[in-house]
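First to last, the protein sequences are chains A and B. Following the working numbering from start to finish, the first sequence increments by one per residue and tops out at 470. Following the working numbering from start to finish, the second sequence increments by one per residue and tops out at 1043.
Errors might be hidden in some of the hints.
Stated by the list, open to error - With a Cα cut of at most 30 Å, we get these calculated DSS-like pairs of lysine-lysine:
(1) Lys419/A / Lys487/B
(2) Lys350/A / Lys278/A
(3) Lys98/B / Lys36/A
(4) Lys449/A / Lys350/A
(5) Lys208/A / Lys698/B
(6) Lys519/B / Lys449/A
(7) Lys487/B / Lys458/B
(8) Lys116/B / Lys51/B
(9) Lys499/B / Lys487/B
(10) Lys98/A / Lys380/A
(11) Lys499/B / Lys486/B
(12) Lys379/A / Lys98/A
(13) Lys36/A / Lys70/A
(14) Lys449/A / Lys530/B
(15) Lys70/A / Lys98/A
(16) Lys51/B / Lys449/A
(17) Lys98/B / Lys449/A
(18) Lys77/A / Lys350/A
Just so you know, these hints were derived from the structure itself, not from any lab. Here the structure is a predicted model, which is why all the values come from computation and not from measurement.
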Amino acid sequence: MGIGSVALATLLHQDQLLAVPKNIPKNPPTFDLVEKPSQFPAQAKAMISLFQHGGPAHMDLTDPKPELTKFHDTDYKEDVQFSFVNRATKKLLGSPWKFSRHGECGTELSELLPHTAEIVDDICLIRSMHTGANGHEVSIRYFHSGIPGVLGRPTLGSWLVYGLGNESQNLPAYMVLTDPGGHPVDSVNNWTNGFMPPLFQGTVLRPKEPRILNLDAPPHLRGELQRQNLDLLDTLNRRHLEQHPGEADLEARIASYELAANMQSAAREALDISQETKATQDLYGLDDDAAREYGTRCLIARRLVERGVRFVQLFHSGQPWDNHSSIATSLPSVCQKTDKPSAALVKDLKQRGLLDSTVVHWGGEIGRLPVTENHGDPKKRGRDHNGQGFSMWVAGGGFRGGMTYGETDEFGHRAVVDKVTPNDYQSTLLHLFGLDPNELFYVHNGQVKEITAGRESRIVSEILHRPPVA
Amino acid sequence: MRVTPSFAALFVICLTSTTPCVLADDLTYEQHIRPIFRQHCFDCHGAEEEKEGQLDLRLVRFMTQGGESGAAFVAGQPDESLLIQRVRVGEMPPGEAKVTAEELATLEKWIADGAKTARPEPESIGPGLGVTPEERAFWSFLPIKRPDIPAFDDEARVRTPIDALLLQEMQPHNLAFSADATQQTLMLRAYFDLTGLPPTPAEAERFLSDSSPEAYEQLIDELLLSPHYGERWGRHWLDIAGYADSEGGTDADAERPWAWRYRDYVVHSFNADKPFDQFIIEQLAGDELAGPQNGDLTDEQIELLTATGFLRTAADGTGSGANNPEGQNQVIADTIKIISTSLLGLSVGCAQCHDHRYDPIPQTDYFAIRATLEPALDWQSWKTPPQRQVSLYTAADHALAAEIEAEAQKVVAERTEKQTQFMAEALAKELGKYEEPLRTELRTAYETPAAERTDEQKALLKEYPSVNISPGVLYQYNQAAADELKKFDAQIAEIQAKKPPHEYLRALVEPANHAPVTKLFHRGDYRSPKFDVEPASLTVTAPENERPIFSADDTELPSTGRRLAFAKWLTNGRHPLVARTIVNRVWLHHFGRGLVGTPSDFGKLGTPPSHPELLDWLADEFMASGWRLSHLHKLIMTSTVYRQSSVKTPPLAELDPENRYYTRKPLIRLEAEALRDRMLATTGRLDRTLFGKPLPIKEDDAGQVIVDENQLRRSLYIQQSRSRPVALMQAFDAPVMQINCEQRQSSTVATQSLMLMNGSFVLAQAGHLAELAESDPDTTLDEQVLASLPDIPLPTSPWQFGYGSYDPDASEAVTFQLIPHWTGSSWQGGAEMPHPEIGWVIANAGGGHPGGGAERAVIRRWISPYSGQLKIAGSLHHPSENGDGVRGRVVSSRAGLAGEWIAQHSTVETPINALDVEVGDTVDFITDCREHETSDSFGWSVTLTLSQDDGSDREWSSESGFHGPSPPEPPPLAQQASRAWKLAYCRPPRQEEMVLAGEFLRDQLNTIDAQQTSLPEGVTPARQAMANLCQALLTSNEFLYID
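Okay, chain B solo, but in the shape it has when bound (with noise of 0.2 Å):
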């Protein structure tokens, strides 16, 4: 936000700046001036062909000249200069944006000055505003030099000449590198940085069990080796080169079906590590280079065609509605844009109306730029994305596809005769229904083609509706018929089913013998056709009078050869601003930020680069290596700039705050991908696979889209749809894309945290990662580190059910045995009944049956979880109007027989009012047969209600306490807890961090229990606590953040 406008911007400059804040002595126009115009007046006074008021400021001669008012200024005195007056008072320039205070005290200056020049003024300059020697000397345009490389003894911390040209910057503020990060640190950023993936636990305890010296270089080679690595860096050239699966331009927002080629492709050369010069020029001109592309494609064709996808990434709404010249110039305009911000570092956008306003790009090398791509991109002979699909069938295909197809029509052939004979059936029986002549007329008629008839024939058929039998109507005359025919349908589908399937390429492919002129557009519009312009690079990118242009039409290629010879040029080795620009990428994304702040604008309004020999240097190697972004990898992170700590040491906190000096390695956030992709391969779940169509996205009941729980592939392979982003990507920033992506943010904010607390997917993941930790739980935890944790009760249920009998007289009042057999809803003594052993002894949710005699009584046995005073509701019914009913008693372990009733074709209530219990005390629910054990089945349902000391009651019920066999006993949680961490930090827990994870389940367990939480089912308390404590860890810093 531009609060109080210039002045807040010299405040700033006078407060950090050592310059004393003061304007220059020598202003020259070249230097000074021209800029100012540059900015506000060029439009009008200098970039056209029409002067406003006759007034051309493009020389100091011109303005001395003046225009229809007179001399634009009188040199030494700037109050008598028309400019100055104009300027002062806002006439000039025209509309918002004016001259600021600063830049008019320029122009006052320098014409009090004598309105200076740098040098003579050529005798004659073209049209256009040209590019002056002053502009060409902007750092970006410069040529790269390599620069001589520091010496430095300290061979242990100067690694490589990244680190000797850092220290060299450091060192006259006396600051150096931080020490090397550990082991444990190095792994994960080399892991997340190459592959965006965690190490499994097995390539984990490898690496960090190999004390050899070369261990390190040796994971970098391998990391580069891996088919992650191009699926992570493809995702980068993605961002900048706009990848949708989904067309934008319109609201339709059409799917873009086949653009996941690209996207292989771009994984497929990343891990191929395909000299980046030659992935350039394929994207830029694979189709001319793939030859003449009759009969089958080639394998090697099908790879240069569908590089070209990147020509076809932007938005284009041209087959969903747009087609017009609107959309269809929209879509080259954003083509040039990715091609400018992904490989020239500018955005050249402000050239297609006017010349740029601060770098040095007219508006004619905009149109040049357009006139490479007009032969493939041509507005005035336009294709849809549908027309500009590539088939992929081969001659094969086709003669297979027309030998099954000849078979689908011998079964059409008979479906027509069948069809034939239903409805002459059909015609001649509801003719049967009227008498001749009518008859004969009515067929006649019918007979007739409808065109052919008469009006009387026309008049009669509307008059008898009922014999206009057609083949859609014919089930009503004959359903049997209808039906014969679908048979002949389905068996026609099912032979088509067998043709090879239909796919197709995204690409861009230029039609032979089309050499389209390209006009240069008045203020952009192309309603305003203005002159020729030639294909050609930017004027600034050569050096002066060198700039080449390309031919119009290259007569060795079928295509015109535009797109090859630019392709060429940018690749050439000289060009300043490709290399720079790609090199800049790769160190933005292992440090976070690049050299150049802006990695889409190498211009004025980008920031210089904090280390311009740096960037050169690196831009140099790259190509030196033959564009191996392996060896820039390598480089990189084998230098001690990558392998410090990234800790903020209080000296560091002091001397370089801003880690303007690399004294640090900068922690990093994952990105979108990386977050969801390290939840799947922590729990084990990540399904690895690589390439294919996107995986569909859908709205939850809630409206929100998301990637189908059941898929486990890499966020890589998610649909990226324009309109319907996937809410987790876009809430850690991944792209929507309108053009393309230049840079991501890396936002903290409330909406994440809340995806992260309560998302389904967040949720979901911590479920599986304490499933994960119950199946395989560390064993090998010290029996210390285990003896000094919190205890950890597992909460078990408090009811039995068994067998047994009741004697008070007995040594042992209540004998009871568990009842072996669980159906799956009751316990009996086993899978036949009655059983020879226990008989009738059934228990159930409600009740059950006894068995013969006393000692087979059911009994229901509750051990008391707590201390307190007991009460116990409930009602003992016995349904059946025979036999002579059930007896049932409580008896405690403490008290004895507490309550007896008898139940006799009734219900009676079995309340007690107060029973004293201690932990660990039995309470029996016994029922018996009496005398006989005929129709005994009985319903006992209680409640009981346990008062404990402190006041607070809870209870228990025997319906819903009723349960089959408890599980295994799961392995301690101590354990699963070590097993979680290892498996989320990839390292074991600290001690420290193990009696917090205790005291968490602990806590949880005893909240779970005492508010009696109702868990999903299927999911135990303990499951429940190991899943939170699982949650906690996949979402805390040292998962989301790479240090």
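Here chain A stands alone, though its shape is the one from the complex (with noise of 0.2 Å):
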């Protein structure tokens, strides 16, 4: 016998998995997009994201104070973390603007949200979001990829399409709709792979042509003469596996070209906006200009998931809710961009039987402190970030619509019932996709990654329709 038998018995029975314990994971051998089955039945298929960069300021929006208001212009007493010192007071700021009751659940929203107002059955207002960190970057990256301020992994789009592949194999899985103004706060960063293959890396869909990069040929050889060219490139391809038949990666090649040119026609289709209804262009604000822009991307969101997209996310350039001045005017000019679009969004994807699939998320990495920023003159006053307590809202899914979740403090500094976490968030979305958040896991250098990271988490299940079974 000796050492040559040892190897035998490698050979034949893949023996790596007689000599290493039994429940050291591995990564699957290729790594591809084609769709695979959840670990549990999955409520949510898809995902629409509208990441709001700036830190929302959850008082004049999402969560009434009346202490606030009251106390207006007080000092307040408790211990403030600022990011801009110099321009730093303890004076509250009461919002100038005024709350009622909507819908059938009664949830309180600000006049600046009038069309959230009008889904607030369908939607979970969670009021109790928290980082513990006031940066911007500290915070979207604790949002993305599971650790604060950390850089190099994956994020939540990466992990869905690696855990569950795509539906459609004409389009890609992860796609991020970028604003004509540029790429939002910490850049490429809110949509990359990390450590996992560039395959899970978000596709930019820009705002302006070439809206997918290399998609299509330049415009002279599109058409006929780019078909008659992968008629070629096929035979080629198909007479040279002729000679080397049964390999696996130059079938996968010729595949892969076909795909490329199904990718073409389909993302045209996708984006051809053309094909709706004047009604459903109007609901996503097309005929205004202050909401045409931010609209039309919620509407091709929606196409997108329509044609088997898993995630799809949507940024603004820089960070429009990082309302330090002015917040008065400011503010109010981000919410006519997005409140109507994105209500609309939820309103088509429920008339379209869609909603229940699909995840929808708004909202920013922080919120804002309920003091005031002064900048001198009291009409630029505005609010430093806080990252302590803020709001956000998630829809369809498998989330309870008509209600909200966790409060802040009597002035909507801190989270102080049901705290929501990142991680938290993260691992409920996976729940809901049907992933078990530490089950699902890439091994790199060696190591077992998640992406909670392993830090403490769990699943929010009171804001489940079918929460899991403890």
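Join the two chains into one complex using the hints; note that each chain is given alone, in its own frame.
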């Protein structure tokens, strides 16, 4: 016998399974975007995230604080952590906007969100978000990749696509719709694949041509000329394959050219919003100068999800919700851009029967402070960063509608009841997609990596139609 | 993805294993229980001094003694055992990771069987987990043992011991090597494997025409001497070394300006066939070998210091915003990871926080490695990347620079003098505006140094701000003076620019007399230092009780000598991991997979070697040859296993479908760099210059990171940015460095296809290949082949521009001669006008000018490419207010005069509703001067619409169809296609491929013609069709894969 026979056993029996402790995980041998079964029945199949960079001022939008109004312009007693110390004050700043109850559930929203007010019965408004950090990038990365501030990790879309693949084989699985004004804060890190292969990176759908990089040939080669070219290529490749029968790599390459060609027509079709009725276009605010651009992207997002794209995320240019100054004018303007399209997305998905299987997320990485950021002129006052407590909403895909969850303190400074962290949010999402957050992992450098990086997290059962069985 | 955890694994084992799925009978603590404890329990119950609940699981004896809750188990009675109870209810271990059902069963059975040990337990043990004989017996920690080579009669097929060792494993299964591949295949294999480039046409011809039996071996020898060998294999090393041209670590991802010298060092070392042990030692301890660095660095010192760039590849944000303990310790941790995964085939990173869960690597071992680095990478006296740069300025450079600076200072002095003078003048002029005594008061205030001014003086200067003249605002008082000073500045800058440029090395240089103490960090946290750790090797890599402890401070050296000792220990020939790791990597790059499938994990989480004897033989042979890679390459590449065909024949598909036995050569996709390099080499545009600063990258209009299209050097030299990877490179799996790249993926995804179909780089290369094929057509193409190809009609312009006469009664109604001279925008008789023979005859895009007399009419001739009925729309325009105007006629060769009009100071429509034409018919647009040729410039734009019998319409415009001299007829497209084939595939096209190409070109030309495709400026339809053919070749599998 000797060592030779050991080698033989190895060859015959995939011996690593015998030699290695049994529960040591391995990545799949190859990576692809083929649709994969969830680990248990999924409630959500797709997700559209409307990410609101900058930190929407929750006490002016989603989280009414009568005490804050009552003590307006008096000194706040608690400790506050400021990002801009030079303009910091402790003067409480009551919201200048009125709140009222809406829908059957009676959720209170600010007058800045009249359209969101129409969908309150379909959304779950979480008022107790918490990152613990006030910085933008720190919290952005926490939301996308699971650890505050850490770069180099895959983003939420990467994980979903890695775990579940894509229903559509003609469209990218993870699509990012960027703003015509440019990239958001933290730029391409918002959709990085981190340590996963590039296959799991978000594909940017640009707001102008070329919408998807390299999707189309230059104009003079489009159409028949390229079709003939692909036919020739296919013939060359098939003759080559005849000389190399059964080579899976060569077959896969042939298939990937076919897929690429299909993507051209599929993407063009998906982006063609002229196929939508006037009524639908108007619903998204395409007839409204302020809302048109964001509305167009929300509508495209719906069309993508409808066609089997797993994860779509919309970003703003820079961080429009970072209302340090002149909040009285800057906040209404960004609301006018986003309120109607965001609400339309939920309404439209619902009327098409897609909301049950599609998660819609609306929220930023932080919220804002209850105290005044002083710029001298009272008209210019604003609010500084606050990662201690803020709001976001989720709808569809198994989230309960018509409810609020969690609370901040009486001034909206800190989440105090039913705190939800980005890791909780990530775990809850994975659960809705039929994935166990502890069982979806990727092995990198011999180490098991999960989206929550093993940090403490929980599935927020209270906001789910079908909570996990205890 | 762990779908249903342990059950799936069990199921697989039961299906594929011939051994029944039951637990072994002779369970012992050391072999079966300790690995479970190591993974789940030792963190709290053994590894550390403090044991949770006082329970120590490291010895069975300790378990019997038990902890606070009593004995851990009752021998023979698993149900009564606390250990089992706690594990069953999930109470232990705490946290998410649980003991699997199978592990629990093992624990239960072991207790039920009486909790046996393999041998009597030691009287006493030290702190920590130690390393047991069982752990030491793991394959990769055993000494390298040169196996006996089995003897085979078949000399033709068993060319080397490699073949013998492989065949030994094949024979029980009635398997054998495949037949040798063709010379053509071997040539491409060898070229790409060793240089990453295709042979040039001349090289290919030379090799293929050499039928001597030694030709192949000679080729390998030649390629090993090629400077491109170092570029190719250097790149493999740079992957695992984690090479990057940016610092990473923070968002800023600062540029790393001098890293490229390490890249060049690596390339040079491979090209020099530097013994690999020396290569390792230089990289780990070049600074310690370099001797005292006083005065100018010698070339040898520069090389040795550059080598330590290996220890400076880790991401380092401490110079760009992260100069804090986290950032500093991260650099050290990443550097250790790079060392261990590249040289030890282990990722020791787990042991940073606790004893390794699977491999026998105690946390103390991790910190022992850290202790070897600490004197140079000391987080408590940290240096940022700029502070670590080593200047290459020589004493002569310094002297020359000082000399030049002195010269510059002379001009500076002159300038100062001038400036003082200008300022004084300006002040005097300004003060002149004020009367005394104010004038003197202002002057005094101004001339008093700012700090000494009285409050009154300050107030005064505030009141009269225009007196506050400073050099910065001198221009507002006297522009000419400011301009003159600027000239001085330019002169100073010019002189200073003559200084020798300041260049640096990126190196790790240990300061003299610096031997800090390394502390073990509890849970890897620098804020929890525990006890001192000495520099030493990994315990498990040395025989029991022979673990070398390195001297904390070698008194022979100015530095501590720790890294030098470490490097020498690694390369002493007895280290079990180093040579195995290196030869496995070499095998990986030749065959696309390693003998060990996890090239950076030779531990329990990795896969064991498929051919352990071969791995050991290669490792031993490699060291015996003096650690020469060239020897290893030649040995492997001359073996039958490498030379055999890659074709998966039907029997092989049946018998060895995964090619586990190496019964055929695996097919390999070109890596990203080789793909780009091959394209550039194929079009003949590759710039083969070696070494130097990285090629700049930039964003294109769409925001995609690209290499400038004029940068034609090998991809190795592209700037390696961690945050801005080049899209083409990243798409084809080139690493984007975070720490390092242990093994590249070879992915096949649609984004790659889109890039190959539509990417600007690929399209440009296709155009260049077409250009090359046209300039060098394959004139050797066989006549018979040519004759068998489909007709490829080249589209030609239907327009000609001439002069002549029209006489319906003459035997030839229209005489037509081409106008001889092209000015760049019009046709005329010659450069000088009027032309002695044809006078003022001019034809241009919009019309022209007739010459005098009936024989010198301007004739624009249209030759019909198709049959059908022609409809003509147009207008004849005579703009001048003088003269007798012009006459326009349309005359068809088939039907004669079809229309006649006169325009005089006017515009007339020239419609013709129906004119039947056949292929080759001419339709002439004849303009004459009538009686007088003065003031006869005319405009006559016509549009011809031809309705064909099949109902389709085609259109021609006289304006857009106007052109200068036709380009010379291109060589036959078949000859061009054949050349393109030879360049792209390094072989001539087969007959059926030529037919395919011919049909394709014909279809493309027809389509371009039918669609009237508007091609880019200067591109003819034939060129576009050829470019498209070339694109198919450059993106086909035959181009992308090496078989």
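* **Ascending list of hint numbers which this structure does not respect** => 1, 4, 7, 13 and 18
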